[in-house]
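Using the hints provided, position chain B relative to the given structure of chain A.
One letter stands for each residue in the lines below.
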Amino acid sequence: MDWLIIAAIKSGFVIVILLTGFAYGTLLERKLLGRLQVRYGPNRVGPFGLLQPVADGLKLLGKEDTAPAGADRVVFTLAPMISTACALSAFAVIPIGGTIDLLGRRIDLVVADVNIGILYVLGVTSLGIYGIVLAGWSSNNKYALLGGVRSSAQMLSYELALGMSLIGVLLIAGTLQLPKIVEAQATVPFILLQPLGFIVFLIAATAEVNRSPFDLPEAENELVAGYHVEYSGMKFALFQMAEYVNLIVVSSLATTLFLGGWYGPFGLLPGPHWFFLKVFLLICFFVWLRATTPRLRYDQLMRFGWKVLLPLALANVLLTAVGVLVLQG
Amino acid sequence: MDRTHELLDPIQQTGEERMVLNLGPQHPATHGVLRLVLELEGETVVNCKPVIGYLHTGFEKSFEVRNYLQNVTLTDRMDYLAPLSNNFGYSLTVEKALQIEVPPRAAVARIALVELTRIGSHLTYLASQAMDTGAISIFLYCFREREKLLDIFELCSGQRMMTSYIRPGGLALDLPPGFEKSVDSFLNEFPARLAEYEALLTENGIWQERTVGVGILPAEDAIALGVTGPNLRASGIDWDIRKATPYGGYEEYEFAVPVGTRGDVFSRYQQRLTEMRESVKIVRQALNRLPAGPHMTRDRKVAYPPRSELATSMEALIHHFKLATEGYRVPAGEVYQAIESPRGELGFYLVSDGSSRPYRLRVRAPSFVNIQALARVAAGHLVADLIALIGSLDPVMGEVDR
Numbered sequence: 001m002d003w004l005i006i007a008a009i010k011s012g013f014v015i016v017i018l019l020t021g022f023a024y025g026t027l028l029e030r031k032l033l034g035r036l037q038v039r040y041g042p043n044r045v046g047p048f049g050l051l052q053p054v055a056d057g058l059k060l061l062g063k064e065d066t067a068p069a070g071a072d073r074v075v076f077t078l079a080p081m082i083s084t085a086c087a088l089s090a091f092a093v094i095p096i097g098g099t100i101d102l103l104g105r106r107i108d109l110v111v112a113d114v115n116i117g118i119l120y121v122l123g124v125t126s127l128g129i130y131g132i133v134l135a136g137w138s139s140n141n142k143y144a145l146l147g148g149v150r151s152s153a154q155m156l157s158y159e160l161a162l163g164m165s166l167i168g169v170l171l172i173a174g175t176l177q178l179p180k181i182v183e184a185q186a187t188v189p190f191i192l193l194q195p196l197g198f199i200v201f202l203i204a205a206t207a208e209v210n211r212s213p214f215d216l217p218e219a220e221n222e223l224v225a226g227y228h229v230e231y232s233g234m235k236f237a238l239f240q241m242a243e244y245v246n247l248i249v250v251s252s253l254a255t256t257l258f259l260g261g262w263y264g265p266f267g268l269l270p271g272p273h274w275f276f277l278k279v280f281l282l283i284c285f286f287v288w289l290r291a292t293t294p295r296l297r298y299d300q301l302m303r304f305g306w307k308v309l310l311p312l313a314l315a316n317v318l319l320t321a322v323g324v325l326v327l328q329g
Numbered sequence: 001m002d003r004t005h006e007l008l009d010p011i012q013q014t015g016e017e018r019m020v021l022n023l024g025p026q027h028p029a030t031h032g033v034l035r036l037v038l039e040l041e042g043e044t045v046v047n048c049k050p051v052i053g054y055l056h057t058g059f060e061k062s063f064e065v066r067n068y069l070q071n072v073t074l075t076d077r078m079d080y081l082a083p084l085s086n087n088f089g090y091s092l093t094v095e096k097a098l099q100i101e102v103p104p105r106a107a108v109a110r111i112a113l114v115e116l117t118r119i120g121s122h123l124t125y126l127a128s129q130a131m132d133t134g135a136i137s138i139f140l141y142c143f144r145e146r147e148k149l150l151d152i153f154e155l156c157s158g159q160r161m162m163t164s165y166i167r168p169g170g171l172a173l174d175l176p177p178g179f180e181k182s183v184d185s186f187l188n189e190f191p192a193r194l195a196e197y198e199a200l201l202t203e204n205g206i207w208q209e210r211t212v213g214v215g216i217l218p219a220e221d222a223i224a225l226g227v228t229g230p231n232l233r234a235s236g237i238d239w240d241i242r243k244a245t246p247y248g249g250y251e252e253y254e255f256a257v258p259v260g261t262r263g264d265v266f267s268r269y270q271q272r273l274t275e276m277r278e279s280v281k282i283v284r285q286a287l288n289r290l291p292a293g294p295h296m297t298r299d300r301k302v303a304y305p306p307r308s309e310l311a312t313s314m315e316a317l318i319h320h321f322k323l324a325t326e327g328y329r330v331p332a333g334e335v336y337q338a339i340e341s342p343r344g345e346l347g348f349y350l351v352s353d354g355s356s357r358p359y360r361l362r363v364r365a366p367s368f369v370n371i372q373a374l375a376r377v378a379a380g381h382l383v384a385d386l387i388a389l390i391g392s393l394d395p396v397m398g399e400v401d402r
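Which chain is which? The protein sequence lines are A and B, in order.
Quick note: the first sequence uses the working numbering, first residue 1, plus one each step.
Quick note: the second sequence uses the working numbering, first residue 1, plus one each step.
In isolation and in its complexed conformation, chain A is listed as follows:
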């Protein structure tokens, strides 16, 4: 029974962290974006606008839940749930710290330490795309449909590069288990050994979470809002949640795989602090990117994914394999 209770408590913690991260991620993005664009961002609700996410949440709760005529009701309702559930569960295998002693027990700071950690994350985040595609398809709206189609094309092109960019890390660490990969970076974070892999990963991850300059599925100037154009109220909030949680997940993944996870220099501060600091900085980076770049076009995005990113990722795999072979053999 013990393990079940512990897992439940851990899951509860993770969900609370992720939902708070989502709420304050939106605030962080709006504040930071505001500063980058010579304006203030939200500053009316509470001190420094700190209660803005609460106000937004309450507002969305009070909105009428509409569905367009001709929509496939079941799929229309299911789609945001798929997106959110996948985004939330992807975090289960990501370690936010090492092992701590609590009430006489040894607790791993990860919900599930499964031996196929990375595969699990890739699989679950890919499933999340179904939410977007189905939302686009079931809305009975042309803009939403185009958004959904764009999203699936984008996922196909970039998931591959994303997976390939990780193989270098796996070759060096020799395991798929995320805590073990972090432990392998106790001295040197993999970003120093895998700079190319990190760059490819970061670009592919940006596309994976549909953020600028790869925010085509919801390009507001072309597709109004893309796949979630017909959604309102809490269903809309779920999509927003999925988006931010995905952002947190890829940032956490980058931290875990390339930036040394919970390890910090000189042993200052306990592990989770470092972990969250790195994730925070990565999220800031994504916001900065959004403030700077124009949006790519559909065909350019595909071309870039297949002709630039994938070959680069493959080259990285080859280089790493040779390097590992030479050093170990």
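Derived by calculation from the structure, the hints in this document are not laboratory data.
Treat the hints with care, since some could be wrong.
To be verified - Part of the chain A face toward chain B, derived, beta carbon under 8 Å:
#1 36
#2 37
#3 38
#4 39
#5 142
#6 146
#7 159
#8 212
#9 213
#10 224
#11 291
#12 293
#13 294
#14 296
#15 298
#16 299
For each residue, glycine too, the CB sits at the ideal point set by N, CA and C.
Frame of chain A; chain B shown alone:
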């Protein structure tokens, strides 16, 4: 009028799997209320039909029931991104019909103001073009600069946009104290800002991918369609009314007319950036030569007499009464005057029957003509390119529909 029904069932017509997408009139990227009926194959535009009329105001008809002074306020509202240019074009037309001269101070101030308007209008172009391609920060940066221009306009006229400041005979009011200082400070800081935006866009790989070679409008097509302004010059035709048939004193200023080469979205973007730099030069020259003197013609048949004269001069009182009740009469005849507005050839064709109201005032609005290029160029582009293309033609719907 609405022939969109021809498109509404394209599958039966063509036998192919095509989708009809109604873009606008409420759409974030159609700049007001432009509506496009698109026939799509995947995301490629096969056919594009602009539908206009959603901002119809009937200004041209309204001109006929208001007197010449009252009509100034209607011109503000046509091209609402360049109200001073419209005031200017209208005033020049009426002055031509009246055969009156404006005092030198007014003439120079007008040039400065319309060139500032051009900068403001092009800034709005740059803002929305960048926004449409996803570069949201540029949008806010450009509006920051435009805000300073609007402050200057407000200083002069009391209004940010609907200025009605340039009137037949001169200016509504004298330039306020502090005008030169605020224009000077704007001119000092603007070129550096412009360079900043260029640094963010011109060399940006994604920006180039999105704009170079996209939406090419060949020179011969541009001429055949009657396209004017930056859109025409970006296609390589050296045609600027300020140079070709100078008006309002433009012949006294030194400025270049930049000409593009490729006629694509990128050319039109560069075209407007260079034009803003040239406008800065013109405003600087105007500021340096701004003479003292009256701001309104002394012709009492057109301009109100000063209040001080009303108590002492019977003649002034009569003039004041006539102008206030009836307005001035314009000699019968026909006049056409065109100016180079930020969007192209803005022409006013005035037919007067000798009364104090126009018999007919027809406006040749550049946006209305330029928007025709859209249908010609759009076919074969992706939806995303179409959005960039609309932005690059920079239409103002208030002017299209009038």
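Going through the hints against the structure:
{"no.": "1", "hint": "36", "verdict": "6 Å, holds"}
{"no.": "2", "hint": "37", "verdict": "4 Å, holds"}
{"no.": "3", "hint": "38", "verdict": "6 Å, holds"}
{"no.": "4", "hint": "39", "verdict": "6 Å, holds"}
{"no.": "5", "hint": "142", "verdict": "5 Å, holds"}
{"no.": "6", "hint": "146", "verdict": "6 Å, holds"}
{"no.": "7", "hint": "159", "verdict": "21 Å, violated"}
{"no.": "8", "hint": "212", "verdict": "6 Å, holds"}
{"no.": "9", "hint": "213", "verdict": "6 Å, holds"}
{"no.": "10", "hint": "224", "verdict": "6 Å, holds"}
{"no.": "11", "hint": "291", "verdict": "5 Å, holds"}
{"no.": "12", "hint": "293", "verdict": "6 Å, holds"}
{"no.": "13", "hint": "294", "verdict": "4 Å, holds"}
{"no.": "14", "hint": "296", "verdict": "6 Å, holds"}
{"no.": "15", "hint": "298", "verdict": "6 Å, holds"}
{"no.": "16", "hint": "299", "verdict": "7 Å, holds"}
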